[in-house]
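Undergrad: What follows is the residue order along each chain.
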Amino acid sequence: MNEHELKVQQKQEVQHKGETTKREKYFIPAVDIFESEGEVTVVAEMPGVAAEGIDVTLEDDVLTIRGRKDEAELPGGRILLQEYETGNYQRRFTVAETIDQEKIKATVNNGMLRVVLPKTEPAKPKKIEVRTTEEE
Amino acid sequence: MAIIRFTERPGAANPWAEFERIRQGLDHLSRNFLARDDVHGHGTVFPALNVYEENETLTIKAELPGVKADNLDISFEGDTLTIKGKRDPYHNGEKVSYHRREIETGNFSRGVTLPIKIDADTIAAGMRNGVLTITMEKAASVKPRKVNVLAE
Chain A
302 MNEHELKVQQ KQEVQHKGET TKREKYFIPA VDIFESEGEV TVVAEMPGVA AEGIDVTLED
362 DVLTIRGRKD EAELPGGRIL LQEYETGNYQ RRFTVAETID QEKIKATVNN GMLRVVLPKT
422 EPAKPKKIEV RTTEEE
Chain B
2 MAIIRFTERP GAANPWAEFE RIRQGLDHLS RNFLARDDVH GHGTVFPALN VYEENETLTI
62 KAELPGVKAD NLDISFEGDT LTIKGKRDPY HNGEKVSYHR REIETGNFSR GVTLPIKIDA
122 DTIAAGMRNG VLTITMEKAA SVKPRKVNVL AE
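In the order they appear, the protein sequences are chains A and B. Every letter in the first sequence is one number past the one before it in the working numbering, and letter 84, counting from 1, is 385. Every letter in the second sequence is one number past the one before it in the working numbering, and letter 68, counting from 1, is 69.
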C-alpha cells in the first residue's frame, strides 16, 4: 500500500451563501471518517493550523470543524513560486449517530486534526400501554 | 421525406470540414484549460511548493500534514533540492468501517531547481503544524552588497 505515489490534491474553496466581510479563503479539508463500535472518528488535514486555531462544534447533529491558519506561518519576501494557497479550513457534516456531546475529544498533531465522537447508549425502547378509560 | 442527392448534402464538398471544425474547437478548449492552469500555477507533483525570496535568504514551504519528520529525506546536489518522503497511514484501531476516505498515504519525491545560488551549509529544515519549512542562505556572491556613496 505504501508504494502508492502521492499526488497533489487541489484545494477546493468553501462555497459561502453570502460573501465574507474579510477577504479570507476557506478551503475544504480532506477527511477520513470511520466508525467503530463505540465511536465515530473524523480525521482532517489541516496543515498550518495550530491547536489554538481549531474550533469544533456539534449542534443539532451538525458537526463543524474549523481551523484558522497561523499568521506566523507566512514568511515575508518576494514570491518566486506559488503552487498552493494558504487559508482557513471549514467543513460541516450531519452526524446520523447519537453522540455524547460531553465526551467529544479533539486533538491535533502535525497538521492532522482528529475528532473522536463517542456514541451514546442507544435509548431503550419504552413501551407505553394504552388503556381504555372505563366509564363508571 | 425529401430526397437529397448525395453530392448536394451540406458538407459534401469538403467531407473534412466538419473534422476541422471539431479540431479547432478542441484546440480552443485545451488552450483555455492550459492558460487557466498557468495563472494559478498549481503544481501536480506532490508536494506543492511555495518559494519565497528575501534579501539574503530563500525559503521553501510545503504542506505535508501527517508526515513525520523522521520520514523525510531532504538532499541537495548541484542546484537541485530534492524532498523525498512517505506518509504512513495513521493508527485507527481495529474493526472500523469507513464512511469517507479522502486522505491518501504513500510515497513522494519532488525535485526543485533553485533559481539562485545558495550556500549548501546553511540549509535548515523544520516541521511545524504539518508545514515543512526549508530555509537557506544565498551564496556570498549573489547576496546584495551595499555600496557606500562618498561625498567629495
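Bear in mind the hints are in silico, worked out from the structure with no lab data behind them. Beta carbons: idealized from backbone N, C-alpha and C, even for Gly. Don't take every hint at face value.
What the hints assert, rightly or not - Each computed DSSO-like pair below joins lysine-lysine, with the alpha-carbon atoms no more than 30 Å apart:
(1) 69/B with 404/A
(2) 420/A with 144/B
(3) 308/A with 144/B
(4) 96/B with 308/A
(5) 96/B with 326/A
(6) 87/B with 404/A
(7) 144/B with 312/A
(8) 139/B with 118/B
(9) 428/A with 406/A
(10) 96/B with 118/B
(11) 69/B with 139/B
(12) 87/B with 308/A
(13) 85/B with 139/B
(14) 308/A with 69/B
Claimed, not checked - To give a feel for the contact side, a few chain A residues facing chain B, derived at Cβ under 10 Å:
(15) 317
(16) 352
(17) 407
Undergrad: Now, for every hint given, state plainly whether the structure supports it.
TA: Here is what the structure says about each hint:
The suggested pairing of residue 69/B with residue 404/A holds, with an alpha-carbon distance near 28 Å, which does not exceed 30 Å. A distance of roughly 60 Å separates the Cα atoms of residue 420/A and residue 144/B; the hinted pair therefore is violated under the 30 Å criterion. With a C-alpha separation of about 35 Å, the suggested pairing of residue 308/A with residue 144/B is violated against the 30 Å cut-off. Distance restraint check for residue 96/B and residue 308/A: the Cα-Cα separation of roughly 28 Å lies within the 30 Å cut-off, and the hinted pair is therefore satisfied.
Taken as a hint, the residue 96/B and residue 326/A pair is broken in the structure, with Cα atoms around 37 Å apart against an allowance of 30 Å. With a C-alpha separation of about 33 Å, the suggested pairing of residue 87/B with residue 404/A is violated against the 30 Å cut-off. Using a Cα cut-off of 30 Å, the hinted pair residue 144/B and residue 312/A is violated, with the two alpha carbons roughly 35 Å apart. For the given pair, residue 139/B sits about 6 Å from residue 118/B by alpha-carbon distance, which is consistent with the 30 Å threshold.
Of the pairs offered as hints, the one joining residue 428/A and residue 406/A is violated, with about 34 Å between alpha carbons and a cut-off of 30 Å exceeded. Restraint check for residue 96/B and residue 118/B: the C-alpha separation of about 52 Å exceeds 30 Å, so the hint is violated. This hinted pair checks out: residue 69/B and residue 139/B have alpha carbons roughly 28 Å apart, not beyond 30 Å. With a CA separation close to 12 Å, the supplied pair residue 87/B and residue 308/A stays within the 30 Å bound.
The hinted pair formed by residue 85/B and residue 139/B meets the criterion: a straight-line CA distance of about 23 Å does not exceed 30 Å. Using a Cα cut-off of 30 Å, the hinted pair residue 308/A and residue 69/B holds, with the two alpha carbons roughly 18 Å apart. Of the supplied interface hints, the one on residue 317/A is violated, with its beta-carbon coming no nearer than about 20 Å to a beta-carbon of chain B, more than 10 Å. Evaluation of the residue 352/A hint against chain B yields a held restraint, the C-beta minimum of about 9 Å falling below 10 Å.
Interface restraint check: residue 407/A against chain B, minimum CB-CB distance 15 Å, threshold 10 Å, status violated.
In this structure, the earlier hints numbered 2, 3, 5, 6, 7, 9, 10, 15, 17 are contradicted, and the remaining ones agree with it.
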